[in-house]
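Student: Can you build the whole structure from these sequences, using the hints too?
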Amino acid sequence: MGDIQEFSDLKFQGIKINYLYICKRKLWLFSKNITFENRSDKVLLGKVLHEYSYPKEKTKEVLIDNLIMIDILSDGSIREVKYSSKMKEADIMQVMYYLYYLKQKGIHKQGIINYPKEKRKEVLELTPDYEEKIQQALREIEEITAKSIPPPAQKQKICKSCAYFEFCWG
Amino acid sequence: MQKTLYITSNGRLRRHENTLYFESGEEKRAVDIENIEQIHIFGEVDLNTKALNYISQYGIILHFYNYYGFYSGSFLPRKKNVSGEVVVRQALHYLERKKRLFLAYCFVESAVYHMMRNLRERKEAESFLTAIEDEWEKGRFAISSVAELMGLEGRIRNIYYQSFNQFLPDDFAIEKREKRPPTNPINALISFGNSLIYSHTLSQIYQTQLDPTISFLHEPSEKRFSLSLDISEIFKPLIIDTLIFKLLNNHKITLEHFDEDLNYCYLNQDGRKIFIKELQTKLETTVRHRQLNRNVSYKGFIKLECYKLIKHFISDQVYSPLKAWW
Numbered sequence: 001m002g003d004i005q006e007f008s009d010l011k012f013q014g015i016k017i018n019y020l021y022i023c024k025r026k027l028w029l030f031s032k033n034i035t036f037e038n039r040s041d042k043v044l045l046g047k048v049l050h051e052y053s054y055p056k057e058k059t060k061e062v063l064i065d066n067l068i069m070i071d072i073l074s075d076g077s078i079r080e081v082k083y084s085s086k087m088k089e090a091d092i093m094q095v096m097y098y099l100y101y102l103k104q105k106g107i108h109k110q111g112i113i114n115y116p117k118e119k120r121k122e123v124l125e126l127t128p129d130y131e132e133k134i135q136q137a138l139r140e141i142e143e144i145t146a147k148s149i150p151p152p153a154q155k156q157k158i159c160k161s162c163a164y165f166e167f168c169w170g
Numbered sequence: 001m002q003k004t005l006y007i008t009s010n011g012r013l014r015r016h017e018n019t020l021y022f023e024s025g026e027e028k029r030a031v032d033i034e035n036i037e038q039i040h041i042f043g044e045v046d047l048n049t050k051a052l053n054y055i056s057q058y059g060i061i062l063h064f065y066n067y068y069g070f071y072s073g074s075f076l077p078r079k080k081n082v083s084g085e086v087v088v089r090q091a092l093h094y095l096e097r098k099k100r101l102f103l104a105y106c107f108v109e110s111a112v113y114h115m116m117r118n119l120r121e122r123k124e125a126e127s128f129l130t131a132i133e134d135e136w137e138k139g140r141f142a143i144s145s146v147a148e149l150m151g152l153e154g155r156i157r158n159i160y161y162q163s164f165n166q167f168l169p170d171d172f173a174i175e176k177r178e179k180r181p182p183t184n185p186i187n188a189l190i191s192f193g194n195s196l197i198y199s200h201t202l203s204q205i206y207q208t209q210l211d212p213t214i215s216f217l218h219e220p221s222e223k224r225f226s227l228s229l230d231i232s233e234i235f236k237p238l239i240i241d242t243l244i245f246k247l248l249n250n251h252k253i254t255l256e257h258f259d260e261d262l263n264y265c266y267l268n269q270d271g272r273k274i275f276i277k278e279l280q281t282k283l284e285t286t287v288r289h290r291q292l293n294r295n296v297s298y299k300g301f302i303k304l305e306c307y308k309l310i311k312h313f314i315s316d317q318v319y320s321p322l323k324a325w326w
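For the record, the sequence lines run as chains A and B.
Counting in the UniProt record's numbering, the first sequence runs from 1 upward without gaps.
Counting in the UniProt record's numbering, the second sequence runs from 1 upward without gaps.
For the record, the hints were derived by calculation from the structure and aren't laboratory data.
Given the structure is predicted, the values throughout are model-derived calculations rather than measurements.
One or more hints might be untrue.
Said to hold, decoys possible - To spell it out: a stretch of chain B is covered by chain A in this simulated footprint if at least three of its residues, at any positions, have a beta carbon under 8 Å from a beta carbon of chain A; those stretches are: (1) 72-82; (2) 286-293; (3) 309-323.
The C-beta atom is built at its ideal place from N, Cα and C for all residues, glycine as well.
Tutor: Spelled out as structure tokens, the structure:
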């Protein structure tokens, strides 16, 4: 029962799990609606990719509980489409979170991450290890976003291509 | 870079299918709507809700100017970047006297710095530069209210404008700065330039989570988007004044570019075109940013100022205003 209780308390958009693994500062800013994605070329590229990949799939962009957005939904699996595999760990955790979320609702699926530009895919299965990791991640998101001050900027390689680059370093 | 469109002629903005056109007489020009950030309208332009709805889909801001080239208002599409958190904290910095004074001081400090920067290279203005320095050093530590700060800034600006007479053509002598309405060419130029920088600043603020109505140096009740006035203080001497010096000293703008109407003096259409073109070139000019290690345009620097304010409000980094280092 403990699990279910916690699940109903801690529910976030999938992108927050993704950000937790990319940059905690980005996660904090995003949680306060301080976003700069709308004018970023990289974000636009991602959008276009989502729109034009897999045109034959019918169930695209399925929003569940007004909270998590599944890119492509089919009988046995959920699929997430990503522009590049540079941040693979974050992508994996995002999909694992979706699988975990669906499992709480009694739905069991397989996860697939498609990197259409690289012609690669990752097939994922939710394991008890990952379930624990997800629960930990949810607690961590809760902790970070509850803070009144954002985590300080820390320079990483990926900063350069981030929509927040000028915000953090300018 | 997101582009700015200026419309100086008369005509009509029209949406036809999924293209926006500007039609003027026989001419019909498609507008590159994907890459436009703001449109400044000086001419007599007709548009309907169909066009407005389409424009707002792309988050494009329209700035309108009246017959005399004075700013009349803006059409702002539904704001996408809204953060309650930022607005609440921005308001907090207005309400706490010390916090407000700090920010107001920062804006003036940067404005004065850029005024002095404009005079530094000019031998003719040396005594004025010294006078400004004296006034600033004497006054700045004694300030205990925003009103006093405004007073000090006003005194410095007076000396600053007087110095213009030393290096601008005689046709453009400045007796005193007058705003409503400007009655001579130099005041008309300053007013025109300032209203342009005001609307450009508003465009940048609007793309961030800042609330343009909560300001620190100017009273929020003074003008609708008074934060735009605050931030403009930094960029008026840095962008507009240097532009005016250049245009006048190179005789690109002369007395023939002005019309006079009873008590008014204003730039005519040709004059406006020259001014706008030069301003746009300036706004797109880039400077190497030392922290970002990237080229940043003058327009980009306005946006960076907005970012720094947000960081200040969320207690991330204390605001330190721009002081042009190049």
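Student: Would you mind marking each hint as holding or not holding in the structure?
Tutor: Hints versus structure:
no., hint, verdict
1, 72-82, "holds (count 3)"
2, 286-293, "holds (count 3)"
3, 309-323, "holds (count 5)"
Comparing the model with each numbered hint stated earlier shows that all of them hold.
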